[in-house]
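Visitor: Position chain B relative to chain A; hints supplied.
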Amino acid sequence: MKKIFSNPLAIAGFVIIASIMLLALFAPFIAPYNPDAIDVKAILLGPSNQHLMGTDGLGRDVFSRMLYGARISLLVGFVAVGIATLIGITLGAIAGFYRGWVDTVIMRLVDVMLSIPSFFLILAVIAFLTPSIWNIMIVIGLTSWMGVTRLVRAEFLSLRNREFVLAAQTLGAKDFRLIFTHLLPNSLTPIIVSSILGIGSAVLLESGLSFLGLGVQPPQASWGNILTDGKIYIQFAWWLSLFPGLAILITVLGYNLLGDGLRDAYNPRSNQN
Amino acid sequence: MLKYIIKRFLWMIPMLIGISLISFLIMQLAPGDITTTEANFNPKASEESRQKLRTMYNLDKPVIVQYGLWLKRMATLDFGNSFASHQRPVFWQTKDKDGNITLGMIQEALPITLLINVLSLALIIMIALPLGVISALKQNQLADRAITIFVFIGFAIPGFWLALMLMYWTGVQHHWLPISGLQSMGSEHLSWFAQTIDFIKHLILPVFISAITGLAGISLFTRNGMLEVLHQDYITTARSKGLSENRVVYGHALRNALLPLITLLGLSIPGLIGGSVIAESIFAINGMGKLFYDAVLMRDFPVIMGILTIGALLTLIGNLLADVAYAWADPRVRRGVM
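Sequence lines, in order, name chains A and B.
For the first sequence, the positions run 1 to 273 when the numbering used here is used.
For the second sequence, the positions run 1001 to 1338 when the numbering used here is used.
If we strip away everything but chain A, and leave its shape as in the complex, we get (with noise of 0.2 Å):
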């Protein structure tokens, strides 16, 4: 934990999501408005003390918005993110410690997973399923479980022969007992990094779905939703699409710097760079 504060990058990281969180925890609170309530008088208002960041095409106010869509990014991000990492635990501990041909199969499917431009596969479920918060979550997990399984499997390739495995396996510990006290426990670094910036990923993915109206549906405010409509009025109203652009922009650096932070601290070969 020292290590990670005394690197200023995770240190700006961590503080970016912290506040990003606290802001969505008391979202209601802070709010000056209700995020879905229409006024008429107040269509397309720029900035103003009234409105922080001005209102949208509805006159609802855009930075009550903005709060109700930084709960979504976070819970897309967190939920996406934990499927595709406990498939990529499963799988990645199961190739790497049987090895053999359950290896090979597991691999292949990684391969080819990753040759279908993830986009399109992203979309073309959607298409079959009704786009909503919920199977956005599960199709973007279903969709980026690959890097995390072959991570796992290279931590798990490396580790099961060296001698505390062996010692533990040679005292009878059995494979479930080897997995979960030994192996795991070791590659944890890793797989912590790869999801935190995992989470940046999946907040692009899930503001861009949103943007394409194939996310979070109105009412309902995403970032990427209010910039749908930023686009219909990029002529008359900037700021409908300048501020929930920044946030993803941010909200993603800020993932990513502590992701890399925590990896700086944790690989010793890296901080010679």
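To spell it out: a stretch of chain B is covered by chain A in this simulated footprint if at least three of its residues, at any positions, have a beta carbon under 8 Å from a beta carbon of chain A; those stretches are: (1) 1022–1029; (2) 1148–1161; (3) 1275–1286; (4) 1291–1300.
Residues from chain B that face chain A, not an exhaustive set, calculated with beta carbons under 8 Å: (5) M1165; (6) V1172; (7) T1315.
Simulated from the structure, these hints should not be mistaken for laboratory data.
Think of the CB as a built atom: it goes at the ideal place given N, C-alpha and C, for glycine as much as any other residue.
Guide: Just chain B now, with coordinates in the frame of chain A:
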């Protein structure tokens, strides 16, 4: 070398079978069956015509037979006709009995997307390589820090948002660049030269937007690759032989640092193709991405499956080319040493 290429080529077969399985699985996700979707476009569709469709798409056969037929469709690249676009063929042109040719939808869209992707790959290499090399040579100095910040922002910036901002700035505010389509209205009356200029102007924003997401990754990769190579023994040897610094950096280090980049470029192809959905739908360009997006909105099932398959096929071909290029550049690979 030939043996390596053949081996690598045969490797595509199991991959294709895997892809066919995944895409078949996605098809099974459709609620009800696809004839419900088709019926949505044509409310007058009678039960009889739906039954006909079911037979046409083999939905009355057992799953395993359906899969076999899907495999056959993939192998012959015959994805049938579009539901939404007046029964146009999905992949390639067809001729009716009067000799009229109807162009395939993918046939029309693919060259545009390939052009944009090839140009943006070229742009990525042109910008990212020098950035990465400078960053490595000036490690921890001001230039390196500035480039690192650029890389971090490049990783985090939503491409579609940047596209919107650039559209606003260059198109709406200053009218420097056109912001939609690939030709201006009435440009067909212009001279050949003016038409080309018009076309290039339309390409600038979409190509830049497709390139931006790849830029950060490639420049970071080049930087790390260069740093690693610069610490190798043979670089010290080259220096101690008295070679000039330029010779050491560009003749020895860069060449070796570039090798893994070939693979990385190959691996970035699916991202570029997938990314075309956002760039093309924002800039209203009728390429594969927009075709796919429109098909998803209209649940145009044959088009979705056709593009999904062609996209995967393009990725496989891209990776194959990258591997062959790598083997050509690095003799250790083709001789099976590594």
